[in-house]
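**Student:** Hey, can you work out the whole structure from these sequences and the hints?
Here the protein sequences line up with chains A, B and C, keeping their order. If you use numbering that gives the first Met the number 0, the first sequence corresponds to residues 0 to 302, in order. If you use numbering that gives the first Met the number 0, the second sequence corresponds to residues 0 to 302, in order. If you use numbering that gives the first Met the number 0, the third sequence corresponds to residues 0 to 302, in order.
Don't read these hints as lab results, they were simulated from the structure. Each hint should be verified, as a subset may be incorrect.
Because identical chains share one entry, a pair is satisfied inside a single copy or across any pair of copies.
Derived BS3-like pairs: lysine-lysine, alpha-carbon spacing no greater than 27 Å straight-line [stated by the list, open to error]: (1) 39 / 121; (2) 250 / 111; (3) 235 / 111; (4) 150 / 39; (5) 167 / 69; (6) 39 / 69; (7) 150 / 253; (8) 39 / 187; (9) 69 / 187; (10) 253 / 16; (11) 111 / 167; (12) 111 / 16; (13) 187 / 250; (14) 167 / 16; (15) 39 / 16; (16) 235 / 167.
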Amino acid sequence: MIAYRSSLRERELLGLKDLSASELDSILLRAAYWESHTEKRAPILEDRFIANMFFENSTRTRFSFEMAQKRLGTQVLNFAAAASSMEKGESIYDTVRTLESMGIDAGVIRLKPIGVLEELAKHVRVPLINAGDGNNEHPTQALLDVYTMRKQFGEIRGLTVSIIGDVKHSRVARSNLWALRTLGATVKFCAPDSMRAPELEAYAPYVTMEEALNADVVMMLRAQLERHGEGILKSKSEYRAQYGLTVDRAKTMKSHAIIMHPAPVNRDVEIDGDLVEAPNSKIFSQMSNGVPIRMAVVERALR
Amino acid sequence: MIAYRSSLRERELLGLKDLSASELDSILLRAAYWESHTEKRAPILEDRFIANMFFENSTRTRFSFEMAQKRLGTQVLNFAAAASSMEKGESIYDTVRTLESMGIDAGVIRLKPIGVLEELAKHVRVPLINAGDGNNEHPTQALLDVYTMRKQFGEIRGLTVSIIGDVKHSRVARSNLWALRTLGATVKFCAPDSMRAPELEAYAPYVTMEEALNADVVMMLRAQLERHGEGILKSKSEYRAQYGLTVDRAKTMKSHAIIMHPAPVNRDVEIDGDLVEAPNSKIFSQMSNGVPIRMAVVERALR
Amino acid sequence: MIAYRSSLRERELLGLKDLSASELDSILLRAAYWESHTEKRAPILEDRFIANMFFENSTRTRFSFEMAQKRLGTQVLNFAAAASSMEKGESIYDTVRTLESMGIDAGVIRLKPIGVLEELAKHVRVPLINAGDGNNEHPTQALLDVYTMRKQFGEIRGLTVSIIGDVKHSRVARSNLWALRTLGATVKFCAPDSMRAPELEAYAPYVTMEEALNADVVMMLRAQLERHGEGILKSKSEYRAQYGLTVDRAKTMKSHAIIMHPAPVNRDVEIDGDLVEAPNSKIFSQMSNGVPIRMAVVERALR
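**Tutor:** Written out as structure tokens, the structure is:
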């Protein structure tokens with residue numbers, strides 16, 4: 000199994016942690032090419048078959064990948080099976096091997112159980128693109144985030160990016176951390192004690208909300224309200240009071256700073272509704288940028 | 000936002016209430032063109048991307064739109080997220096803006112909350128096609144109904160159309176009312192007290208079942224059995240006895256009159272099973288006619 | 000309705016029971032053609048529309064059909080509506096007639112209620128392909144099974160095939176039985192009393208596990224764990240002990256014999272996890288072979 004692994008290495012995208020600056024650059028550059036492409040549809044991959052395998056629900060991310068795939072003319076097959084986090088990795092493994100056996104050329108995969116993707120990739124002979132695995136990585140999200148920052152500031156090197164919210168459970172936070180550090184940015188976290196990831200403290204300090212707002216990019220994470228049961232309304236307003244980006248807090252941001260959020264937002268919880276489409280918010284631009292990023296990633300997997 | 004609204008006006012389809020007779024005519028005419036088109040597939044829109052955004056379940060209507068879109072060669076992306084009627088319009092708004100950001104050229108949308116579509120259309124810059132919003136409008140259904148009547152009778156002007164059932168909660172009733180009145184037909188309603196819409200009395204009188212059956216078109220509405228909880232079997236047979244189109248009642252219809260129903264039918268509730276495919280029933284013809292109607296509407300949005 | 004039925008007869012695929020050896024051969028031969036086809040995509044059916052109508056969940060089978068359809072360039076529309084086995088056949092009938100009215104050229108259908116498909120096929124004017132109906136037939140599964148055996152052994156005539164597990168509820172067992180007998184193989188069943196189908200005893204004897212393992216092909220059926228409620232863990236290990244293909248039992252198989260399973264497997268219930276990818280297991284090959292088989296069947300329906 001070793002032989003085909005090395006050629007897959009350049010086509011799969013499991014995470015950003017081990018990607019070099021030049022590998023990141025080449026994806027970002029290709030995304031810029033696709034963004035500026037005048038024809039909406041460039042069917043260069045009409046004979047390639049790709050499966051979107053979602054073992055965890057995500058209509059938005061699936062939609063974005065499908066848009067990218069169809070702009071490239073790829074043959075798209077969707078597979079959704081909400082597997083509980085309890086479900087054994089084996090059953091995900093069997094399913095992915097099944098779809099592979101049917102002749103797909105690459106797979107986009109989202110799944111909950113931690114550590115399963117790594118194991119999968121060792122046994123599957125087509126390139127896999129990670130669309131979110133547990134709290135580990137969500138590489139295309141971070142790529143589109145970095146792409147959005149680069150469009151705004153020209154350079155990632157030297158930027159200060161604050162990531163605020165449930166860092167512990169966030170694959171978005173982790174993928175951004177790895178890419179931003181590789182490209183020379185400084186990352187700060189801000190989170191309540193229960194939402195901190197101790198293993199990341201070596202890479203980014205936890206700071207107060209006030210310090211976090213002093214940054215070039217203020218990236219809010221989605222409050223995972225579904226994790227809490229009772230007293231959710233109380234916890235919403237408390238969360239907003241302590242860690243939400245309110246209109247008042249946004250006024251203390253630097254004049255050139257931008258607001259980011261991976262979406263979907265909880266309006267008036269982690270971010271005030273009035274800020275979602277504020278002039279310094281890049282939230283909908285992020286989503287636009289997701290398509291050329293995913294075109295670059297899909298093309299890299301299939302060409 | 001005003002500037003692009005006026006050009007959208009001619010491409011979107013939010014409802015039939017404000018459409019002129021000539022606008023209705025032009026859609027019906029184009030549907031006739033597509034129905035008579037010899038090639039099943041006329042891929043004139045291969046570079047356009049359309050999203051079917053269903054915030055309320057409807058496999059049949061989605062299927063019909065997708066058939067129309069694929070006959071035109073459109074790139075189709077499906078998005079389904081059963082939002083409860085309780086869900087705030089804001090979250091639907093954010094989702095639609097998200098999909099718009101990803102580069103769709105038009106969207107077909109179905110949703111439950113009343114009044115949200117109107118608001119959405121003010122902020123979204125791609126044309127929206129209403130596939131059913133709350134109890135407000137379901138314009139493509141009424142267009143295919145009118146198209147079916149015109150095929151049958153040659154002219155809408157002068158026809159008498161009875162709409163029987165839960166008028167209060169029916170967007171099909173409303174869209175038909177507006178289109179039929181604009182095109183010169185007379186509409187009569189027949190419904191139990193609890194299913195009447197008082198605000199529509201100015202446009203169409205409520206009549207007895209006997210009077211309702213005296214019409215050129217007898218259009219039965221689907222009994223929303225899911226609204227009732229207890230005693231559903233009792234209410235089924237009671238409903239049939241009082242407002243159902245039974246085989247006996249159908250015999251009292253004029254010899255040239257036709258039976259219509261938006262489907263899916265509840266056999267032996269609002270209509271007897273034996274009538275569904277009776278010679279004077281147009282129920283399956285309506286469904287066939289839905290495809291060219293939606294081709295006309297999709298083409299209008301995207302050309 | 001008689002007139003169009005006879006021409007449909009050669010294009011539909013309701014089951015294998017009434018197919019002749021030469022009809023089976025011609026499908027298997029065409030599948031071999033498609034398997035050896037060098038181009039992954041052979042868009043010979045771009046103007047044909049096919050609906051995958053799944054009234055019973057099956058993401059894997061649907062995916063395999065869609066792969067086959069897209070390799071042939073067919074326009075694919077998916078329709079899924081998990082109808083309970085309680086649901087009246089009438090509502091399935093109305094839905095299928097609805098999709099037919101919309102202009103599909105053929106339909107792939109999976110459904111639970113027994114006997115409904117036969118009835119449906121009498122009234123629908125497009126060819127239907129059975130993707131599994133109740134416990135009756137699952138013809139494309141058996142075709143891919145037979146195809147897999149023929150690739151392995153060159154000939155079906157003279158083979159001994161043991162089918163082990165819940166024969167009573169298995170459409171896979173029935174379709175294999177019919178095809179294998181027609182092609183000259185000998186079939187043996189092995190099942191606990193509660194899982195035997197008395198009406199099949201005329202065609203294949205029930206034997207002990209030891210005798211069953213003495214065969215050229217050992218085909219394990221999926222244990223329908225969802226049928227059992229309480230004590231499922233206990234029944235799992237008991238089932239494995241009595242009817243599971245364990246590593247130890249597999250050692251008693253003939254050296255040239257192969258293991259088959261329609262998938263998805265319950266690892267360590269009806270088959271030990273270590274056997275799934277053993278050298279004599281054809282489980283993932285079966286899935287690969289499903290695609291050319293379904294290409295042959297879809298092409299037969301649409302050409």
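**Student:** All hints are to be evaluated individually against the structure, with a verdict given for each.
**Tutor:** Okay, the hints, checked on the actual structure:
no.	hint	in the structure
1	39 / 121	between (35 Å within a copy, 25 Å between copies)
2	250 / 111	neither (37 Å within a copy, 37 Å between copies)
3	235 / 111	both (25 Å within a copy, 26 Å between copies)
4	150 / 39	within (20 Å within a copy, 39 Å between copies)
5	167 / 69	neither (34 Å within a copy, 42 Å between copies)
6	39 / 69	both (10 Å within a copy, 18 Å between copies)
7	150 / 253	within (18 Å within a copy, 65 Å between copies)
8	39 / 187	neither (38 Å within a copy, 48 Å between copies)
9	69 / 187	neither (37 Å within a copy, 47 Å between copies)
10	253 / 16	neither (29 Å within a copy, 49 Å between copies)
11	111 / 167	within (15 Å within a copy, 36 Å between copies)
12	111 / 16	within (19 Å within a copy, 43 Å between copies)
13	187 / 250	within (19 Å within a copy, 59 Å between copies)
14	167 / 16	within (17 Å within a copy, 52 Å between copies)
15	39 / 16	neither (32 Å within a copy, 34 Å between copies)
16	235 / 167	within (18 Å within a copy, 37 Å between copies)
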